[in-house]
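If you read the protein sequences in the order shown, they are chains Y and F.
Residue numbers for the first sequence, in my numbering: 1 to 358.
Residue numbers for the second sequence, in my numbering: 1 to 426.
Errors might be hidden in some of the hints.
What the hints assert, rightly or not - With a straight-line cut-off of 20 Å between C-alpha atoms, the simulated SDA-like cross-links for lysine to any residue are:
id	chain 1	residue 1	chain 2	residue 2
1	F	Lys272	Y	Gly113
2	F	Lys272	Y	Asn166
3	F	Lys272	Y	Thr178
4	F	Lys272	Y	Val167
5	F	Lys272	Y	Gly176
Quick caveat, the hints were computed from the structure, so don't treat them as lab data.
These numbers come from a predicted model, not from an experiment.
Here's the letter readout for the chains.
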Amino acid sequence: MTATVTRDTPAGRTRPVRRRPVSGYRLQERRAGWLFVAPAVIVLVVFLFAPIVMAAWVSLLDWNGQSSPFSGEAEFVGLSNYQSLLADAGLLRGDFMLSVRNTLYYVLFNVTGVVVLSFVLALAVNSYVLRGRSFFRTVFYFPAITSSVAISVLFLFLFQGSGVVNVVLSWVGIDGPTWFTDPRGVLHIVLGWAGVDAAPGALADTTVGGLSLWNWLSGPSVAMCALIALTIWASSGTFMLFFLVGLQDIPVELEEAAAIDGASAWQRFRHLTLLLMRRSIVLVITLALISSWQVFDQVFILSQGAPAKTTLTPAYISYVRSFGDGQFGVGAAVAFVLFAIIIVLTLVQRWVGRERRA
Amino acid sequence: MRHFPRTPLAVATAVATATLLAACGSGFDDSDDGGSGEPSEASGGDTGEPASLTVMIGSSGEAETVAVQEATARWADETGNEVEVIPAQDLVQQLQQGFAGGNPPDLFYVSPDRFRMFAEGGSLYPYGDQIEDAEDIYQSLRDAFTYEDELYCAPKDGGVHALVIDTEAWAAAGLTEADYPQDWDQLASVAQTLTADGRVGLAFTGDYNPVGSFMLAGGGFFVNDDQTEVTADTPENLATLEYLEQNMDAGSFAFAPNIDAAWGGEALGSGKSAMTIEGAWIVGALQNDFPDRQWTAVPMPAGPGGQASTAFTNCWGIAADSENQAAAVDLVNFLIAPEEQQAFAEAFGPIPSRAGLADWNAETFPEKAAFAEGMETARSQVAVPGFESVLADFNTQLEGMAAGTVTPEQALQALQTNGEAVLTQE
């Protein structure tokens, strides 16, 4: 798993790897080792690596999903699925670029939101002043054990045009939008208030992947904001646990020592807790990043990409192209491009968040 | 522990690997013998051996599931075969898994928009020539399941769009039965009359189905008759979209989502609109969710191209890989026989696919008569594989049209371009 935080052990870095002739006893031991890991390795190979290789093969085919992809009935089309996804101007590339834009905003706001919220929750339930901590731990963790389908349906009702959210907003004089039908990006809405309704020439004319910069910079749509709120709420409980574990690893003596030295509560938090929590934070960001890019079920239940494709995500395109249009090759290609995006972004994120040594 | 006994180790590993491989690879091996479209030798109906059939349905609910179970049980009792009915959670996905794995259910629902994908893929066993009294089934429904001049499967029900009217709002606006709109001008004018504070005259789901019915009445459609060319960007379609746009701008037409209703039925039921356009499925939904709403359904008003609508249907598909094709055909003939279709209509409300039952339907269920009228001239949904994404994009264009960000010309041009891209790949 990319998610586990590893550190180079000093020994591993200083001792050069040397190949020595293996003695008979060692050989026996090595075989025993393989025997013991064999069940896990077999399961991994059969249910993880083999399907990945199969999917990679499918992404090179024009396969309708109605025969075996290995029987030779499906035509081999090389990289043309990837080409129509990334290079050729058309509906598929347009949809895919929109979905990447949507998901970029989704990831940005969701990861930020979930890290902040779950950290705050963890601090709260870890604090000594809070009464009934175990009760609150359970309450905050509750969304995580509820099915995402149930949560999605609940949010659908909350965010209806005449739903609870808008009723509450109306109490303070705000005329709430029809959340799941409003396709406008929030940045565009804000710019509209400032009098900028149409795209400035440079932004409208410059296109990246067939989508104008103006459209790239739309911000998440109102509907997407509701989705983001849903995910932040639903996943914060799980990540709270990660943070809680990290917080409980911090020795109380350190806090006390800092307090005796005269550090204020903020200083203790800023210079002690945050620094010691670095590994937890990096871990949570990594996990949240990966799961955000794969967002599917909420979209599938709540919006199916509507309104105006502003909640379209790569995972949903992969599904619709495969099962809706019978283009499983395209669907697999989308999945692999998504895989590549996740790998690259996770590496970048881990590089940024790496532990630097003085 | 110096010496590991090697032979048991090797055997254990081999067994474990083989078991795992067999578990996930079983489907791929048997698919080679299928796909030929020939009835298998071992068919239960021929040899007299009892066959065991699996029937997979995309059920609308408990009533439908029970009705199908009871009907298939009657057939099983008569013929001595066995039938298992599986209500699918996601029919298309589960069918695809069956096809890809080479072990699909014997009998299953097929919708027109998926039909051609399955037919082209060689997954369906064409049994059109074995359907009893096939001529009695509406031509438009048979057309929906005809591929390369061959009827593949028997339509199990049918229906068209109708104009559903809130009769209380209708009477309150001073309108009578004589005012039921016959053409688009009248439709626009009654919609205007019915529009009031918090209520639009006509609201319908803003997707390609009702808009497609309008296009048909306007003399156009998405594709030509044999679905080989995209005919989106035509003057007829443009006039249709402009008609809709004008009335939406006037505030008397609306897409249901824009007035905070999920679909046309909810718009009408909740009183947010006085009229809507839906198929026969609205009957049950209104009875369940809005039992107090008084309504009636009349045929779609005629446009410049005459009276027309999209036809909605499903057929009983038989898998090309099925080992019990003869028995399955026998079961289908049993299920689409007039008596059984009547039983289905009474149990959960589908409109029979047989023209011979039209009068019976109109007498027994007068409220549903409009959903069966004009079935002869209706057009089936677009069946071109890959058109789902194209039409989904058209839905987005329609949303834009309702919001005023997309012109009708742009919407049709996008549809034309995207549709042509799919058809040239065919």
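So, going through the hints one by one against the coordinates:
1. F:Lys272 - Y:Gly113: It is violated: about 37 Å lies between the C-alpha atoms, which goes past 20 Å.
2. F:Lys272 - Y:Asn166: OK: Lys272 (chain F) and Asn166 (chain Y) at ~18 Å, within 20 Å.
3. F:Lys272 - Y:Thr178: 15 Å, holds
4. F:Lys272 - Y:Val167: Since the Cα atoms of Lys272 (chain F) and Val167 (chain Y) sit roughly 18 Å apart, the hinted pair holds (cutoff 20 Å).
5. F:Lys272 - Y:Gly176: Measuring from Cα to Cα gives roughly 19 Å; hence the hint holds.
The structure fails hint 1 only (numbered hints given earlier).
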